[in-house]
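Participant: Protein chains in written order, with our numbering: chain L, 33 to 1012; chain A, 6 to 203; chain U, 107 to 441; chain D, 796 to 865.
Treat the hints with caution; some may be incorrect.
[Claimed, not checked] Subject to a maximum C-alpha distance of 25 Å in a straight line, what follows is the list of computed SDA-like cross-link-like pairs (lysine to any residue): (1) K974(L) with R834(D); (2) K183(A) with R139(L); (3) K950(L) with R161(U); (4) K457(L) with R645(L).
[As the list claims (entries may be wrong)] Facing chain A, from chain U, some residues (calculated, C-beta under 10 Å): (5) G160; (6) N171; (7) I173; (8) P175.
No wet-lab data here; the hints were simulated from the structure.
Predicted model only: the values in this text are computed from it and were never measured.
Note that CB positions come from ideal geometry on N, CA and C, so glycine has one too.
Residues per chain, in single letters:
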Amino acid sequence: MLTKRRSGVAARGSHQALAAGLTAHTLDRRGFLRKSGLAAGGLAALGTVRLGAVRQAQAAGASADPAQAVIRKNICTHCSVGCTVTAEVVNGVWVGQEPSWASPINRGAHCAKGAAIRELVHSDRRLRYPMKIVNGEWQRISWDQAITEITDKLQAIRNKSGADSVYWLGSAKFTNEASYLFRKLGAFWGTNNVDHQARICHSTTVAGVANTWGYGAQTNSYNDIRNAKTMIILGGNPAEAHPISMQHVLSGKEINRANMIVIDPRFTRTAAHATEYVRIRSGTDIPVIWGILWHVFQNGWEDKDFIKSRVYAMDDVRKEVAKWTPDEVERVSGVPGEQLKRVAELFAKEKPATLIWCMGATQHTVGTANVRALCILCLATGNVGKPGTGANIFRGHTNVQGATDLGLDVTTLPLYYGLVEGGWKHWARVWEVEYDWLQSRFDEVPASAGRKARSRKENMETPGLTSTRWFDAVSLPADQVDQRTPLKAMMVFGHGGNTVTRMPEAVKGMAELELLVVADPHPTTFAAMDARRDNTYLLPICTSLEMDGSRTASNRSIQWGEQIVKPAFESKNDYEVIYRMAVKLGFADKMFKNVKVVDGVPVAEDLLREINRGGWSTGYCGQSPERLKAHMKNQHKFDLVTLRAPKDDPEVGGDYYGLPWPCWGKPELKHPGTHILYNTSLHVKEGGSTFRARFGTERNGQTLLAEDSFSKGSDLTDGYPEFTFGVFRKLGWDKDLTADELATIQRIGGNNPDAVSWATDLSGGIQRVCLDHGVIPFGNGKARANAWNLPDPVPVHREPVYSPRPDLVAKYPTRPDERQFRMPNVGFSVQKAAVDRGVAKQFPIILSSGRLVEYEGGGEETRSNPWLAELQQDMFVEVNTADAAERGIKDGQFVWVYGPENTAKAKVKALVTDRVAKGVAWMPFHFSGWYQGKDMREHYPKGADPVVLGESVNTVTTYGFDPVTGMQETKVTLCQISAA
Amino acid sequence: MARMKFLCDADRCIECNACVTACKNEHEVPWGINRRRVITLNDGKPGERSVSMACMHCTDAPCAAVCPVNCFYTTADAVVLHSKDLCIGCGYCFYACPFGAPQYPRVGNFGSRGKMDKCTYCSGGPEVDLSVAEYEKYGSNRLAEGKLPLCAEMCSTKSLLAGDGEMIAQIYKERVIKRGYGSGAWGWKTAYRETIAI
Amino acid sequence: MPMRRLTSLFLLAATLALTVPAVAQVRAPDGAPNPTASSVNEEMLFKQDPKIHGRISIPNATAANLIQPQGREWREFRESWMPWIGALAVLGMIVALGLFYFTRGRIRLEHSEESGKKILRFNSFERFSHWMTATCFIVLSLSGLNYIFGKRLLMPLIGPEAFATLAQYGKYAHIYLAWPFMLGVLFMLVLWIKDNIPGKIDWIWLKQGGGLLGDAHPSAGRFNAGQKMVFWMVVGFGFAMGATGIMMIFPFAATDINGMQIMQVIHSLIGVVFIAGILAHIYIGSLGMEGAYDAMGSGEVDLAWAKVHHDLWVKEQQAKTASGPQLGRGQVPAE
Amino acid sequence: MKAFLIAVVAAVVLATGASFLLAENQRFAYQAFATSGARVSDPGTNLVGPRWTGDIKEPGKAGHKAEAGS
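With these hints in hand, go ahead and build the complete structure from the sequences.
Facilitator: Structure below.
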């Protein structure tokens, strides 16, 4: 009696009725969106439905789509895995998502965020139009008014306080092109105060890894983990932070019956799948790694040949490691020696072995040292530069790798060209602007507080303020901030206000700013803190799903995303906003000299071509928009494990998916990209390479060049330095250059053409000839176990600033107070005061923070997505069962979490669990909108408040900065918890 | 015809909740209705496992048996569906269901809870395939388009399997043999009165 | 590889044998990592608890139950047993009453000199309470029976759409009329409890079969033992139905799903017995006995009838009033 | 008879009252399953209908007769 009404005749007869159904009754917006697409899609589908299609779909492992919807592919804007998002668009409306089976990275899969990403675009909590605060009230304004007022105020501040008084905070959500444009804007504005989220996620990785073997990036790929026989995941919870990576991790684990060792203070969802779980005390990564290495060296498990030929100064490490006997390791970290011996043996002997880390390793005052120690563990066991090995660093945001590469950093120009004359001149040539004009844009800094004055040129070459300290740079006495004036204005593009530690200080800083501009799809925490009465603007920016552009995944693969739908509401994309500001600031002609602007919007492809023209140092030169688009079109041709397309394919033959950088030479050279860095078993033309000879050729009488190690097919069969025209002439390879290439080199070099290098040769000739000779343009060096230019050349353990073990502080103190990034870093004094005051007694619980799968970053975007928000509605703190029992705390009740600074407190729900050990608490960092117990919802512009609000963990986090990068300490502080 | 089933390989499930939001996305499931959910067992303790659960489309479905208005029916693909036109919102299916699948728009009391809603295995309901009416009442109909449920298709680690029972059992068996362990096909005994013998 | 396969089989067997969660991650004899050896499995969890439940992030505690197979027993009861029990109870009673009617016939009013005189048996509030409860009961029992028999008897006759509509209204009627029903039961309890305290006389009445079986008329007060049984049945079952019903009306307010299943079992079992009992009550109050209906109809009964059936009560009433038996307003019933 | 009629009327009145009281006590799933941290403005209406009854057809609106079942 009850059966499917499946009559074809009836179905066709219903077409008119269906269409009528759409107009006959009122629909809410959401329903309309979906249905307006469905009607068209559904109509088309009715005629083509085949019975048994299910079976076919199963057989094919994919689904045949009968609907006539337009399919558009973009990249998920959340984490760095780089999942392809396949959108069905009907009549300009994004009506559905389909699995992206063809992508070798996600193979159809998504996590909660990716599977809900359509709502990001449709979200009715988006910022709809530009707004400004007038006497504490939000008012709607036009784009013209917004841009005019903002640029006028910027100019006024610049005239009064100098270029450095404006902070340009960019975003890891930017496309590569927008990142590049934003850095260029900073350069044209005349400041190095340009930063983004990498500061607070993997800046220490970039610094630590680059200082070890050349480039600061993941050496292998998510897919390559399938080759590993042993994997250590240290300070990472990919099950929540990078769920799609777990597809590769768990498959690899199953196929190879691999060892999966999770080292973490917290029993995470990842640890639940581990073959061995090592619980450590937060902040003792170095003792644990040295503890592992102690067993490696003790038992002779190290890879001696590898160390001899490819590593510099491993003996320096041996000396430090010798101090970390199993007893001392257990005393400091709590990990028994036997367990670490087991881990050491597996990592050294069951090879290939890979080391995966994330923010649990990086977000520390010893972040860079941690990363260095991890690299050294890979080096000592020979686990780098081969399939299944390597430092698989899982970056955070979708394009944090690309944004870092493209210079949203206070220490570099795009593609890691240093803030030195050579770097500036390189980009001046690419941009076709006068170097002198660029220099004239920078401030002169007068002498102050015993510091010398800086000329414009010197200031141009001085690293800027880190984003972790922006509010200190507003509030600290002027003479402590080493620039013309302290900060006066914040230009925040796509960056939350709750992601930096010490929120109470940030709120103070916000209030003192002369101008605050937030350009974002959402108002962000900056809008909700009720700190400001005026001179505050919100600019609605579209998501990167609503624009064209490329994104660099963690594995360095670059993927082109096409605009899925037009920007929602009145929002505009980053390119357009930057362009309009440049117009008002008077340098648009210079800045967009080689970029086509259509209807006021710069064309993404042209921006990428400009990047290609200047991106030699990092091999961003071969990934033309045409090649990237061909990759997206031919995704299904790339192998799941090797990421390589068959050689005979006409469009993408032999390429690695996404042309992972370095992709040498001009696009026409068709270099396939580099899937696995430093892999000597491949020819450079096949993506092979060596460790980068970045640090000279010799140190203290020891060579820094590789010995008896070179990439396959190399004409030079030993180590060699990086290539310059001078080296070419010595080798006689200059004859291989074409006349045009020679002319370009001569033009660039002027009276010293010998100095023109593989990285500054705009003709690409040097790289081309290198490839022909089978050598790597950047040279063939050794990785450094001793990085003499860093504060701790060989990593040493240092207790956190707020240590739960004051007894260990005397032996393992944090670094002495010193000035970094134009600011004082007084970590030592703070640590000493904390020990003297007995803070660890008053605040006996270690507080750590981390990520939830449903949310990302500061969380404004994801907390505004009801599909995600429904799954995590309350900010919480994980409290150990025993700690909760002692305090009479029940699961699910409200508690106060007190921090040791600023009498800070946060009202959150208790999640009583054994995920955390006794004496440890953990909070997610995605929440904001409640502040010290107060719901700040009313302060958002009406209707643009995220669905879910909660206390930010950073209200109670504390002081502590990495000396190399200014990374904040989010993983170890102290707290007290009581029932509310 | 195929006999459609769900299988959650708990040794792969990482509680990423993609299945949950994929479901929300595909059917525009409103807040408060959860056709699919992920539950973590032994949370925070060794042996912890997470399992994604929705209507299992049981063999001899108890919901269908107890329904006082016989609003349930089983499709040729063995998917258990129901008619919202007939449903009186009595809640008996909720008593009978071993998996907590039935959902109601209102929750305070029994009298006016509204029509029951549950996982349709992405195959709509008794209305005409791919019609607006079907979409409004039951969500989209992927099966009619030759596709499988989106929750399984989008599962981050390929933990959640959907498809012909024998086929997915075979996939699971191969996995268990390859890796040497498996915590079992959760809910199969209850839903299908069978387990996967390896 | 057969060797590998064998190992796997062994591993799996070992896994299944393991019922207690081990503390450490375990490695298999062949050295392969085997996290599942220590992981939870269905069998083990069912040994700890008949339900498998865990942690879920959405604020819906009931959603944290993964598998709760008890619905199966409930379904067995509801679908395999309940229709038979219900049919037996209801049809059994109808058949029994029919048999009784055809063998014993209608109990006639015995005429005497008092015939024609009326005595007030139930005042208007009493009658109001009775009828409110009664009408509710009829709708409740019909809509209640519909949950069991509707799809079996009615739906084939009127088609699914019409039946679903009817069932929908039936459901609303059941839920909403439950409240006046419960109120009515409460009223009747208060009104009549003092006349329904069981006594020795009831025993005699019962021993004599209430006069139904023989020709003797045992003495009775305001209510005879049979009526007292009806009273206590209505009160007892009424409260039981109310309590179990309320538990089901407010899901999870007082009990979990298993509790609600049990409530439903009690509710339906008592329901059908209640219906059977009330059928007998209706029979005797209308068709079965001449003159009985008047008590609830007009409220006034024939004095002769009253003297036969409730001699003690009539005496008591007459003693209360010096002017003799309380007579009604008219000689003819109000009807 | 009067008592009977009054009783029937009273039953209907009380039942109607009960229905209102119960409706008062009734909560939508999107309210019941949202906590103090969330503000749900538009819970959506697909699958549950505009009045969150599961009835897709809006009462009093005959326009929605799109289904063409056979």
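Participant: Does each hint fit the structure? Answer for all of them.
Facilitator: Going through the hints against the structure:
Distance hint between K974(L) and R834(D) is fulfilled; the C-alpha atoms sit about 12 Å from each other, no more than 25 Å. For the given pair, K183(A) sits about 21 Å from R139(L) by alpha-carbon distance, which is consistent with the 25 Å threshold. Distance restraint check for K950(L) and R161(U): the Cα-Cα separation of roughly 20 Å lies within the 25 Å cut-off, and the hinted pair is therefore satisfied. Restraint check for K457(L) and R645(L): satisfied, since their Cα atoms lie roughly 14 Å apart, inside the 25 Å limit.
For G160(U), the suggested interface contact is upheld, since its CB lies about 4 Å from the closest CB of chain A, less than 10 Å. The closest approach between the C-beta of N171(U) and any C-beta of chain A is roughly 5 Å, which is under the 10 Å cut-off, so the hint is satisfied. A distance limit of 10 Å between C-beta atoms decides the matter here; for I173(U) the minimum to chain A is near 6 Å, and the interface restraint holds. Interface hint status for P175(U): upheld, as the beta-carbon distance to the closest one in chain A is roughly 5 Å, under 10 Å.
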